[in-house]
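Asks: Here are the chains, one letter per residue:
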Amino acid sequence: MGALAATGAIVAGSLLAIAAPAGAQKTGGDVRFGLEAETTGGYCIPKAQLVVSGIQVAAAVYDTLTMPNTKDEYVANLAESVTPNSTFDEWTIKLRPGIKFHNGEALNAAAVKQNMDAWKTGRLFQFVYSNMGDVTVVDDLTLKVTTKTPWPAFPGYLYLQGRAGIVAPAQLANADTCATNLIGTGPFKLNSPGDWKLNESLTVVKNPNYWKKDAKGNALPCLDKITFVPVPDSPTRDTQLQGGQLDIMHTSSASSIDGLKSTSGIDLVYDVKGNRETRYYQINASKPPFNDPKARQALGYALNPKEINTIRNKGLFTVASQTMDSNSPGYLKSSGYPKYNLKKAKQLASEVKAANGGSFDVTFLTTNDSDNAAEGQLLIEQANAAGMNAKLVQVDQSSLVNELLGGNFSVTLVRNFHSDAAFGDVANYVWWAKGSPVNFSKFDDPNVQAALDAGRTSTDPAALTKAYTDFNKAMAAGVYVVPAWYSIWALASKGLTGQGGAPLPDGSKALVLNGRFPVETLCKK
Amino acid sequence: MAAARLIGRRFLQLAVVLLLVTFFTFSLVRLLPGDPAKTIIPFGTEQQRAQLNQDLGLDKPFLQQYVNYLGVPIIRSDGTSGLLQGNLGRLYATNQPVTDSLKQSLPISLQLVLYAQVLALVIAIPLGVLAAYRSGTRTDRTINTTAFAFLAIPNFVLALVLSYFVGARLQWLPTAGYQPGWLDPLFDSSRSSTIFSGWSNNHIRYMILPVITLAVGQVAIYMRLLRSDMIATLQENFITMAKAKGVPNRRILFRHALRPSSLTLLTVAGLNIGTLIGGAIVVEVIFGIPGMGTQIGTAIFAREYVELQSYILVIAFIFVMINFIVDFLYIVLDPRIRRARATA
Amino acid sequence: MPAQPPDDMPADGPEGARDLDRYAEDSLESGLAVAQGSLYFSAVEVGGEGQKRRGRKLGIGAWLAIGWMVFIVLFSVLAQLGVLPLKSPTESFASCARLGPFAKEGTAPGHILGCDSNGRDMIARLAYGGWSSLFVATGAVLFGLIFGGVLGMLAGFFGGKVDVVLTSLFNVFLAIPAVVLALALVAFLQGASSSSGSGGTTVDAKFLLILAIGIVSVPLLGRITRASALTWSQREFVLAARAQGAKPMRIMIREVLPNVVPAMMSIALLAIAIAIVAEGTLSILGVGVKPPTPSWGNIIGLDRGKIKESPHIVFLPALLIFLTVLSLNFLGDVVRARLDVRESAV
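As they're listed, the protein sequences go chains A, B and C.
The opening position of the first sequence corresponds to residue 1 in the numbering used here, with each subsequent residue numbered one higher.
The opening position of the second sequence corresponds to residue 526 in the numbering used here, with each subsequent residue numbered one higher.
The opening position of the third sequence corresponds to residue 870 in the numbering used here, with each subsequent residue numbered one higher.
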C-alpha cells in the first residue's frame, strides 16, 4: 500500500518537473491514446453521461467556462470572468472575446445561453443544474445567470469535473447528430463525424486557431493529431503501450499501474492525491431489505473492503473511511461507518431475517466488465458468509444508469468523485440530496439534507467545514454506502512530454482532477 | 428448361425464407415483455414515453407494425420507412441509424471471414489431395489424426493460445485492435486502407492471428471432406484409364481427380460461411476487433434490441444469399444435377 | 424426392463419400443450407477409420476417450454431490489470488493447480465448473433430441404437407448461424425474464442456456432424424405394416422409432461436444452461466484479462474443454461405426 501512497506524493512534483523545462520537444506529430472505455452514448454534452474516458476526449475538443487550479480555486477559463452579486444568487459571466468554435461560429453569449438552456433539460444535467434559474443575454459577450438559492459553488458547476464543455450551437441544433458531430473550442477538432468509428477510434486534429498559449507563449496544441482508441481490456492496453501501438494511455487499474511503473521508458503521472475518486458500495435504502437501517448496518459489517483491495488491487489503493477524500472540507479521520466485523454482521443479519420471514436477499448490480464481475463475486461471498442470500446482475455501462435511476437493485458498485476541495456542493449535493434521481440510495435523511443545504449556501470556510463534517457523520450513521477505497488515475506515456497542461488565463496552474489529463501541451520528445 | 424451372423454384423458396426470417427477428423484439419505452427511458415522463412509443410505431396493431418494419409500399403507414427502404432502425442511446454502425463493422467481419475461408482452402486442398493419394499410409493417418484433433479445438481456445504465445509472450503480433483494409473504404469513404502503410499499424498485421484462429477448424473440415470425396473419385474408371495411359500422378490428382471434387468443396465452403460468421463473433471479441460480432456483444449488454435485431437479420440475409448463389452455381455448373432434378 | 433406400446405392467408393453426396443432394433439394452443425457432424464422421473399426475390438484411442469421459463425469458429478474432499468453489483465499503453476507471482502452497484472480481454488472451480458445462450441454442436447426428434420423425414419416411446413421451419432457423441464434435467444430470454423489475433474472441461467442451445439444436437434430425416418419409412417391413392397415402412429413408434434411435444416439455424443463449446462461447461473451457459479466457459471469461500474469486460470479449463470435446468426437465416431448407422447418417 505504501508504494502508491509514496508515488502519489511525487505527483505534484513530477507534473511540475515536466511542465517547466520544455527542452527537447518537437512540434507536430500524431499520437494514439488508449482509453479505458468507449463512450457509446456519444458527446452531446448536455445529454451525455461522460465517465472518465469520455471526459478525457472532451478535454481535447471542448473548453469549460471555469477550471480548477492547484490552489483549490475555480478560475475563469473560457469565460473572462465569473462574478457573483453580494448574495451569490446572480452571476455575471463575461466571455473571452475573439474565440471561435471549430466550425467558425463565434463563441458568444447566445451560444453559451443555448448550452445552459440545454443543460436544464439534459438527462442527468437537469438534476445537477436544477438550482439554476434564468439565463439572460446581456450583450454579445455577457450573460447573467440567476440561481434559486445563494450558490457560491456555481463556478464549480461550470466545470463539473470537465463535463460542462461548451458546445457549438451547430452541434446542439441537430438532435440526430449531436452525439457524434463534436464541435467545440478546444485544442483539437473532429474533422468530420466519420472520424469517430465506434469501438474503434476517434481521431481529432489540431485546431490551428486555439486560443491558449503555453507558459512560454508558444501556440498550442503541440501535436497535429490524437487518435483515441478504446482498449477496454487493461492488460492489453499496457501491452499495446509497451509494443508501440499506443503512445499514451490512461488507467485506473492497480495491477496495471504497478506493472507500468517498473517498465523502463514509460512515464507515469497521476491525478491529485486528496481529491481522488472513491470506490464504494451504494445501498438502495428505498426497498426491502435495505429500507431497514439494521440491514444496511449488517452489510456494512459484512463487507471487507480491505480484503477486496488486497485481492483485486494487490493492496495498492488506500482503503477509504468515507465517501470523500482527505482534501475535502469536512473530511474526518474517523467517520463512524461500520467496519468489517463478521460476528456483528451475522447477528444483525439474523435479526433482519427474523423480521423478514427468514429471507435477506441482496442483488449486487454492476457493469459487464470482468474486473467488476470478479469484485462483485467477492461481495457475494462476503455477504453470504454473514448469512445473506446474494446474487450478481451485470449490465452495460449505459444501461446501468437506467437500472440505477429505476431503483432496480439493492446494492451497486460505484466509483464516483466526491472530493472537490473548493466546494463540497459540486461533488456531493446532487448525489445525496433528498428526491434527486441520482441519489441512487433514494434515502430521505433530514440530517444529511440539512447538512447539504447548509453546505450549499454557506460562504464562510468554517461553516462549510462544519456543514460537511455533519454531512459525513450523518452519512455514516445511516450507512447508505459502504466505502471501499480511493482509486487513482494514471497517465502513462512513451516518448512524450508536456503532461502538465497549459497555464490557466490568470497564470495559475491547472489541477488534474478526477483523471482529466490535459492534452493541449502534449508533445513528442 | 428444367434448370430454369428449378431456379425459379429456388427464387420462390429464397423469398419465403427471407420473409420468415424477417418475421422471426421482428417478433423477437416485440415479444419482449413490458413497455420498451420504460426500458429505454426509465426516468422519462409519461408524455415522453408516449412520444417514444409513437416514434417507434409501437402504438400500432402488431401486423401494421410488421408491415411498417418491412416498409412494404402502399400498405405501410404514412411517412414511415422500413427494411425495403434500407431503414434498419436507430439506436436507442444515440439515435444513430443502425446502418452507420453496420457500415463500419460489416466490411471488417467480411474481410475476416473471407481471409479465413481462403486460408483454410489453400491449406486444406493440398493436404486433402495428399491424404487421399496416400490413403491408408502413415502420411494419411498423421494428417487425418491431426485434423481430427484440430476439429476439437474450440475457436476461443485457439484464440487464447495464439494471443498468449504469439502475442503476449513472443510479442510478434498485436493481440487486440484493428486497422482498415481494402474493403473498409468501399463502405465508408472516410476510411483509408492501411495495407500499404507501415507494418506497425498495418491491416494485415492485425488480422493474422484472428484469421489463423478461424481458419484452423475449417482446414480440418475441408481436408477430411475432400479426402473422402477424392478417394471415391480415384477409384472411378476414368482415373484407372488415365493411369493406364501413363498420365503423371500429379496431373491425375490435380487435373482429373480434383475437378469433380471442387463442386462439393464449393458447396461445403458456401454452407460453412455460417460457422465462420458464428466463430468470428467470439474471435472478434477476444482479439478486440470492432466487427459485427463485437457489435452484437455490445448491443446485448446495452439492451439495444433494435440494433441486435438488425444485425441478426443482416447476417441471416448474407448467409441465405451465399447459399442461394452456391446452389445456383451448382445447378448451372453440374449437368448431372440438372438431369437428376428434371427427372425427379 | 428421390429418397433412394441405401441398399440401392452403387457399391463403389466408401460410404463416407456416399453420405456426403447424399447430404449435399439433400441440402440442395431442400433449397437451403444444411447448416454448420451437420457439416461438423459429417466432417467428424466421414473419416476413413470408421469402417475399419467396425466389429473389431476398441482401440487404445477409444479406451483413452472412455477413460477421460468417465474421469471427468465422475470428477464433476461427485464434486457436485459433495463427496470429493474439495475446497468450496466460491471461497476466496486472499493469499492465493492469481497464484498457480506458471503464474508470474509464483505458485500457491496448498492449492495444487493454483487459484483464480479472486483466490478461489482452481481444482474446485474446474470440478464444479465441469458440472455446469456438462449439465447445460447434456440438457440442451436432450431438449434438442426430444423436440427435434419428434418433429423430425413427424416430417420424415408423414411427408407431404407436414414435411414441407416443418422443413421450412427448420430452414428459417438454419438460416441464422447457430452461434448468432443462440446468442440472440439467450439475450432475449434474459431480457424477457429480467424485466419483471427485480433487476435480475428470476430463472436459473443454466435453464435459459439449456433452452437457448436446445432450441438451436432442434432444427439440426430434427433434420437428421427426418432423413433417417424418411429412409426407414420406405423399408419393406414398414410398407408391409401399412398394407396390413396398422395405425400410422403405431407404425411410427413401433417400427420406425427403434431404428432411428441408434442414429440419434451416435449424433448425440457429437452434439454434446458442440453444446459444451457453445456454452463456453456464450460464457466468454458474458451471457453464459451466471457467476459466481463456475462453468468452464465463465472461468475463462472472467480471467481472460489475466492471461499474461496467470495463464493457468485460462488454460486449465481450456484444456479440459479440448480433451472432453476430443473424446466425445472420438466416441461418437466409434459408436456410429459400431451401431452401423451408415444408412441414417446425415
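Be aware that one or more of the hints could be misleading.
[As the list claims (entries may be wrong)] Just the calculated beta-carbon pair ranges, DEER-fashion:
no., chain 1, residue 1, chain 2, residue 2, range
1, B, 611, C, 1106, 54 to 60 Å
2, C, 954, A, 341, 37 to 43 Å
3, C, 1033, A, 415, 56 to 62 Å
4, C, 1030, A, 175, 50 to 56 Å
5, A, 415, C, 954, 47 to 53 Å
6, B, 576, A, 358, 54 to 60 Å
[To be verified] Once the Cα atoms are required to be at most 25 Å apart in a straight line, the calculated DSS-like pairs of lysine-lysine come out as:
no., chain 1, residue 1, chain 2, residue 2
7, A, 261, C, 1177
8, A, 314, C, 1030
9, A, 314, C, 926
10, C, 956, A, 343
11, C, 1116, A, 314
12, A, 261, A, 294
13, A, 434, A, 294
These are computed hints drawn from the structure, not numbers from a lab.
The beta-carbon is built from N, C-alpha and C at its ideal position, and this holds for glycine as well.
Asks: Taking 25 Å as the top limit, are the C-alpha atoms of residue 1116 of chain C and residue 314 of chain A close enough?
Replies: Roughly 72 Å separates the two Cα atoms, so the pair is violated.
Asks: Taking the CB of residue 415 of chain A and the CB of residue 954 of chain C, does the distance hold inside 47 to 53 Å?
Replies: 40 Å, violated
Asks: Assess, step by step, whether the Cα of residue 314 of chain A is no farther than 25 Å from the Cα of residue 1030 of chain C, and give holds or violated.
Replies: Since the Cα atoms of residue 314 of chain A and residue 1030 of chain C sit roughly 66 Å apart, the hinted pair is violated (cutoff 25 Å).
Asks: Is the gap between the beta carbons of residue 954 of chain C and residue 341 of chain A within 37 to 43 Å?
Replies: Once the Cβ atoms are compared, 31 Å apart, the range 37 to 43 Å for residue 341 of chain A and residue 954 of chain C is violated.
Asks: Using the beta carbons of residue 611 of chain B and residue 1106 of chain C, state whether their distance is inside 54 to 60 Å or not.
Replies: Holds, since residue 611 of chain B and residue 1106 of chain C (Cβ atoms, about 57 Å apart) stay within the stated range.
Asks: Holds or violated: residue 261 of chain A and residue 294 of chain A, Cα atoms, limit 25 Å.
Replies: Violated. Residue 261 of chain A to residue 294 of chain A sits at ~43 Å, over the 25 Å cutoff.
Asks: Quickly compare the C-alpha distance for residue 314 of chain A and residue 926 of chain C to 25 Å and report which way the hint goes.
Replies: 56 Å, violated
Asks: A range of 50 to 56 Å was offered for this pair. Does it hold for the Cβ distance of residue 1030 of chain C and residue 175 of chain A?
Replies: 52 Å, holds
Asks: For the pair supplied as a hint, residue 956 of chain C and residue 343 of chain A, confirm whether the alpha-carbon distance does not exceed 25 Å.
Replies: 23 Å, holds
Asks: Please verify whether residue 261 of chain A and residue 1177 of chain C have alpha carbons no more than 25 Å apart.
Replies: 17 Å, holds
Asks: If you draw a straight line from the CA of residue 434 of chain A to the CA of residue 294 of chain A, is it 25 Å or shorter?
Replies: Cα-Cα ~21 Å, so holds.
Asks: Look at the Cβ atoms of residue 1033 of chain C and residue 415 of chain A and judge whether their distance stays inside 56 to 62 Å.
Replies: 58 Å, holds
The structure shown violates the earlier hints numbered 2, 5, 6, 8, 9, 11, 12.
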